[in-house]
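**Student:** So the chains spell out like this:
Protein chains: 2
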Amino acid sequence: MKMASHSEASLTLEAYLEQQRQRVEERLQALVPGAEEEPVTLHCAMRHSLFAGGKRIRPIFCLEAARLCREATARLSRHSSGNSEESSDIVDISCTLELVHTYSLIHDDLPALDNDDYRRGQPTCHKAFGEAIAILAGDALLTLAFQVLAELPRTPADVRVTLIAELARAAGTSGGMIGGQVADLEAAAGGISPQCLEAMHRAKTAALFRAAVSLGALAAEAEPAQQAAITRFGECAGLAFQIADDILDVESSLEDLGKTAGKDALQKKATYPALYGVERSRQIAEEFIQEALEALEPFAESSGTLRELARFLISRKA
Amino acid sequence: MKMASHSEASLTLEAYLEQQRQRVEERLQALVPGAEEEPVTLHCAMRHSLFAGGKRIRPIFCLEAARLCREATARLSRHSSGNSEESSDIVDISCTLELVHTYSLIHDDLPALDNDDYRRGQPTCHKAFGEAIAILAGDALLTLAFQVLAELPRTPADVRVTLIAELARAAGTSGGMIGGQVADLEAAAGGISPQCLEAMHRAKTAALFRAAVSLGALAAEAEPAQQAAITRFGECAGLAFQIADDILDVESSLEDLGKTAGKDALQKKATYPALYGVERSRQIAEEFIQEALEALEPFAESSGTLRELARFLISRKA
Numbered sequence: 113m114k115m116a117s118h119s120e121a122s123l124t125l126e127a128y129l130e131q132q133r134q135r136v137e138e139r140l141q142a143l144v145p146g147a148e149e150e151p152v153t154l155h156c157a158m159r160h161s162l163f164a165g166g167k168r169i170r171p172i173f174c175l176e177a178a179r180l181c182r183e184a185t186a187r188l189s190r191h192s193s194g195n196s197e198e199s200s201d202i203v204d205i206s207c208t209l210e211l212v213h214t215y216s217l218i219h220d221d222l223p224a225l226d227n228d229d230y231r232r233g234q235p236t237c238h239k240a241f242g243e244a245i246a247i248l249a250g251d252a253l254l255t256l257a258f259q260v261l262a263e264l265p266r267t268p269a270d271v272r273v274t275l276i277a278e279l280a281r282a283a284g285t286s287g288g289m290i291g292g293q294v295a296d297l298e299a300a301a302g303g304i305s306p307q308c309l310e311a312m313h314r315a316k317t318a319a320l321f322r323a324a325v326s327l328g329a330l331a332a333e334a335e336p337a338q339q340a341a342i343t344r345f346g347e348c349a350g351l352a353f354q355i356a357d358d359i360l361d362v363e364s365s366l367e368d369l370g371k372t373a374g375k376d377a378l379q380k381k382a383t384y385p386a387l388y389g390v391e392r393s394r395q396i397a398e399e400f401i402q403e404a405l406e407a408l409e410p411f412a413e414s415s416g417t418l419r420e421l422a423r424f425l426i427s428r429k430a
Numbered sequence: 113m114k115m116a117s118h119s120e121a122s123l124t125l126e127a128y129l130e131q132q133r134q135r136v137e138e139r140l141q142a143l144v145p146g147a148e149e150e151p152v153t154l155h156c157a158m159r160h161s162l163f164a165g166g167k168r169i170r171p172i173f174c175l176e177a178a179r180l181c182r183e184a185t186a187r188l189s190r191h192s193s194g195n196s197e198e199s200s201d202i203v204d205i206s207c208t209l210e211l212v213h214t215y216s217l218i219h220d221d222l223p224a225l226d227n228d229d230y231r232r233g234q235p236t237c238h239k240a241f242g243e244a245i246a247i248l249a250g251d252a253l254l255t256l257a258f259q260v261l262a263e264l265p266r267t268p269a270d271v272r273v274t275l276i277a278e279l280a281r282a283a284g285t286s287g288g289m290i291g292g293q294v295a296d297l298e299a300a301a302g303g304i305s306p307q308c309l310e311a312m313h314r315a316k317t318a319a320l321f322r323a324a325v326s327l328g329a330l331a332a333e334a335e336p337a338q339q340a341a342i343t344r345f346g347e348c349a350g351l352a353f354q355i356a357d358d359i360l361d362v363e364s365s366l367e368d369l370g371k372t373a374g375k376d377a378l379q380k381k382a383t384y385p386a387l388y389g390v391e392r393s394r395q396i397a398e399e400f401i402q403e404a405l406e407a408l409e410p411f412a413e414s415s416g417t418l419r420e421l422a423r424f425l426i427s428r429k430a
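Just so you know, the sequences run in chain order A and B.
Straight run, no breaks: the first sequence in the working numbering ends on number 430.
Straight run, no breaks: the second sequence in the working numbering ends on number 430.
Honestly, the hints are just simulated from the structure, not real lab data.
Treat the hints loosely; a few may be bogus.
Copies of the same chain are indistinguishable here, so a pair counts whether it falls within one copy or spans any two.
[Unchecked claim] 25 Å max Cα-Cα, derived SDA-like pairs, lysine to any residue: (1) K381 to T153; (2) K375 to C308; (3) K167 to D376; (4) K381 to C156; (5) K380 to E150; (6) K167 to I359; (7) K239 to L225; (8) K375 to T343; (9) K381 to T124; (10) K429 to V362; (11) K239 to S305; (12) K375 to R266; (13) K239 to S286; (14) K239 to P336; (15) K429 to E409; (16) K381 to V152; (17) K381 to E150; (18) K380 to T153; (19) K380 to V152; (20) K375 to R419; (21) K380 to E243; (22) K381 to D270; (23) K167 to E363; (24) K381 to E130; (25) K381 to E137.
Based on the provided sequences and hints, a complete structural model is requested.
**Tutor:** Encoded structure:
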């Protein structure tokens with residue numbers, strides 16, 4: 113199926129986000145075992161967290177990065193057999209980012225970690241299903257992400273292994289999401305330098321944003337230069353996203369945010385607002401967005417939607 | 113490197129197990145980030161559990177299944193270009209079984225699950241490093257297993273994705289390890305039928321044994337009939353292993369076992385000894401081993417080592 117790009121279809125950003133969110137939602141419903149399948153409790157717990165109203169930002173970044181790289185490649189090779197059709201696997205690929213993101217939220221919310229009772233306005237997984245099931249539901253979502261990538265029906269095996277390796281590195285220990293989570297725990301116990309704060313955000317949040325666009329580019333079999341540009345974009349956008357998230361935690365209420373607000377300060381978390389104050393943090397987020405937009409220059413005007421998406425990351429209210 | 117088989121080299125089973133264990137140990141040391149690499153605490157926690165003296169039974173089953181299938185294929189195609197050389201990736205592949213097994217032990221030992229203080233004579237991961245780090249160390253070992261398979265340097269990509277899909281299914285929810293763990297939790301809360309007990313053991317333990325030999329066979333590019341035979345062997349051997357494990361829990365001391373003994377009864381776990389008594393459980397384990405040995409008949413005399421390994425599963429003392 114050829115998906116009209118945001119700009120082609122002259123959709124508002126909201127309508128575009130909603131349309132893409134629904135594509136992701138439908139595939140996630142099909143990829144995760146049904147709530148009636150054994151073990152029922154576990155599948156209910158996985159679905160509780162996965163379908164709690166997430167914005168699906170990472171999958172949408174993945175879809176848009178794939179579209180952009182595909183179009184750029186088609187333009188370069190328009191006299192050859194260049195193909196700008198969307199791979200029918202791309203929505204599945206984008207969903208694996210949400211599986212990994214949701215697993216990380218379930219484990220982060222556990223009493224031994226952030227001890228959060230609410231997420232997206234609903235009880236967290238362990239509040240609804242108990243700690244044991246929450247731990248296993250997280251494990252299951254992570255495992256499923258790799259299974260989905262390994263079993264993609266229309267993507268060549270050499271691309272599939274590249275996607276799996278990239279996602280595993282982004283989710284892993286050295287410079288990856290788990291490593292960032294450990295740095296976060298240790299910083300809350302002790303204080304942090306500006307350099308370490310940035311490194312922590314790069315690992316904890318930006319690595320998965322980088323993987324989101326990088327998986328999209330890999331699925332579109334992008335040229336190395338495109339791959340490098342899109343990766344730099346994802347990393348910078350991810351850093352800006354995390355700073356915006358920390359600012360929202362300071363400025364919002366439970367009602368706005370759907371999760372307990374103001375917890376970072378209570379838990380002495382290392383954040384940009386704690387280290388720089390809210391105003392300077394906003395500037396830093398803006399600087400990262402500028403760097404993200406510069407990274408898109410090789411794609412010129414066709415990168416309009418990704419640019420709008422990047423701006424959206426720091427202007428959202430929840 | 114061509115590895116002499118147990119029978120060829122006329123080693124005792126103990127010497128063979130020790131030799132194979134050392135091969136696995138060496139590769140695991142290389143595959144897991146060093147204890148000095150950031151984040152140090154996390155890598156120390158991963159290594160604490162991974163190098164606590166495990167017998168490496170699953171990797172050894174994987175290595176031996178690969179050898180058997182390779183030799184069988186070489187015999188079938190001895191007039192063609194059949195190659196009985198061991199793939200240099202096979203030890204890495206075998207190590208991923210141990211990464212997944214260790215992650216499952218770390219999470220199972222957590223207070224919210226089995227709440228175990230000792231494992232292999234040492235404090236469990238959460239006793240040594242705290243619950244937060246133990247949860248993340250388990251997550252990291254699972255993630256690393258998929259990364260290692262995706263990045264195997266000498267295995268064709270189409271084989272790599274098959275290995276990853278097989279491991280993910282064995283570790284997953286429906287009929288896989290996580291599903292079995294949930295059934296185990298729920299059975300302890302409520303009682304269980306003989307049919308459900310067997311299904312639970314198939315998922316909780318036998319699935320990863322099946323994956324161990326199945327990954328070995330896939331890596332050796334075994335024929336479908338060989339693959340089916342070896343898979344049935346692994347499943348039956350895994351069931352026998354779990355029954356033997358439950359019997360050891362009844363009959364051993366902390367000193368013998370390296371973990372708290374008698375806990376299954378205290379926690380009202382659903383086990384074969386609880387449902388059938390020790391003597392009948394021994395018979396059932398023996399029956400599963402007989403079925404495992406029958407499954408090996410297509411391999412005839414060259415399956416001697418795998419037969420001895422199966423016998424070892426139910427005769428071991430710890």
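**Student:** It remains to establish, for every hint, whether it holds in the given structure.
**Tutor:** Here's how the hints hold up against the structure:
1. In the homo-oligomer, the alpha carbons of K381 and T153 lie at most 25 Å apart only across protomers (18 Å), although the nearest pairing inside one protomer, at 33 Å, exceeds that limit.
2. For a Cα distance limit of 25 Å, the shortest separation of K375 from C308 inside one copy, 21 Å, qualifies, whereas the shortest one across copies, 44 Å, does not.
3. For the homomeric pair K167 and D376, the shortest alpha-carbon distance inside one copy (22 Å) is at most 25 Å, but the shortest distance between copies (43 Å) is not.
4. For the identical chains of this complex, K381 and C156 are inter-copy neighbours only, at 23 Å across copies versus 31 Å inside a copy, given an alpha-carbon limit of 25 Å.
5. For the homomeric pair K380 and E150, the shortest alpha-carbon distance between copies (22 Å) is at most 25 Å, but the shortest distance inside one copy (41 Å) is not.
6. In this assembly of identical chains, K167 and I359 lie within 25 Å of each other by CA distance solely inside one copy; the values are 18 Å within and 50 Å between copies.
7. In the homo-oligomer, the alpha carbons of K239 and L225 lie at most 25 Å apart both inside one protomer (14 Å) and across protomers (15 Å), since each shortest distance falls under that limit.
8. Taking identical chains as interchangeable, the C-alpha atoms of K375 and T343 are never at most 25 Å apart, the minima being 31 Å within one chain and 50 Å between chains.
9. For the homomeric pair K381 and T124, neither the shortest alpha-carbon distance inside one copy (36 Å) nor that between copies (57 Å) is at most 25 Å.
10. In this homomeric assembly, K429 and V362 come within 25 Å of each other (Cα to Cα) only inside a single copy, at 12 Å, whereas the closest approach across copies is 57 Å.
11. Proximity of K239 to S305 under the C-alpha cut-off of 25 Å is found in neither arrangement, the shortest distances being 34 Å within a copy and 30 Å between copies.
12. In the homo-oligomer, the alpha carbons of K375 and R266 never lie at most 25 Å apart, since the shortest distance is 44 Å inside one protomer and 48 Å across protomers.
13. For the homomeric pair K239 and S286, the shortest alpha-carbon distance between copies (24 Å) is at most 25 Å, but the shortest distance inside one copy (31 Å) is not.
14. Proximity of K239 and P336 under a CA criterion of 25 Å is satisfied in neither setting, with 45 Å inside one chain copy and 46 Å between copies.
15. When the C-alpha separation of K429 and E409 is checked against a cutoff of 25 Å, the pair qualifies neither within a copy, at 28 Å, nor between copies, at 66 Å.
16. For a Cα distance limit of 25 Å, the shortest separation of K381 from V152 across copies, 20 Å, qualifies, whereas the shortest one inside one copy, 36 Å, does not.
17. Taking identical chains as interchangeable, the C-alpha atoms of K381 and E150 lie at most 25 Å apart only when they sit on different chains, with a minimum of 20 Å there against 39 Å within one chain.
18. Taking the closest pair of Cα atoms, K380 and T153 come within 25 Å of each other only across two copies (20 Å); inside a single copy the shortest separation is 35 Å, beyond that limit.
19. Taking the closest pair of Cα atoms, K380 and V152 come within 25 Å of each other only across two copies (22 Å); inside a single copy the shortest separation is 38 Å, beyond that limit.
20. With identical chains, the CA atoms of K375 and R419 are never at most 25 Å apart, being 31 Å at best within one copy and 58 Å at best between copies.
21. For the identical chains of this complex, K380 and E243 are neighbours both inside a copy (24 Å) and across copies (19 Å), given an alpha-carbon limit of 25 Å.
22. Taking the shortest Cα distances, K381 and D270 never come within 25 Å of each other, neither inside one copy (41 Å) nor across copies (44 Å).
23. Within a single copy, K167 and E363 get their C-alpha atoms as close as 20 Å, which meets the 25 Å cut-off; across copies the closest is 53 Å, which misses it.
24. Within a single copy, K381 and E130 get their C-alpha atoms no closer than 33 Å, and across copies no closer than 47 Å, so neither meets the 25 Å cut-off.
25. Taking CA atoms no more than 25 Å apart as the test, K381 paired with E137 passes in neither setting, with 32 Å inside one copy and 38 Å between copies.
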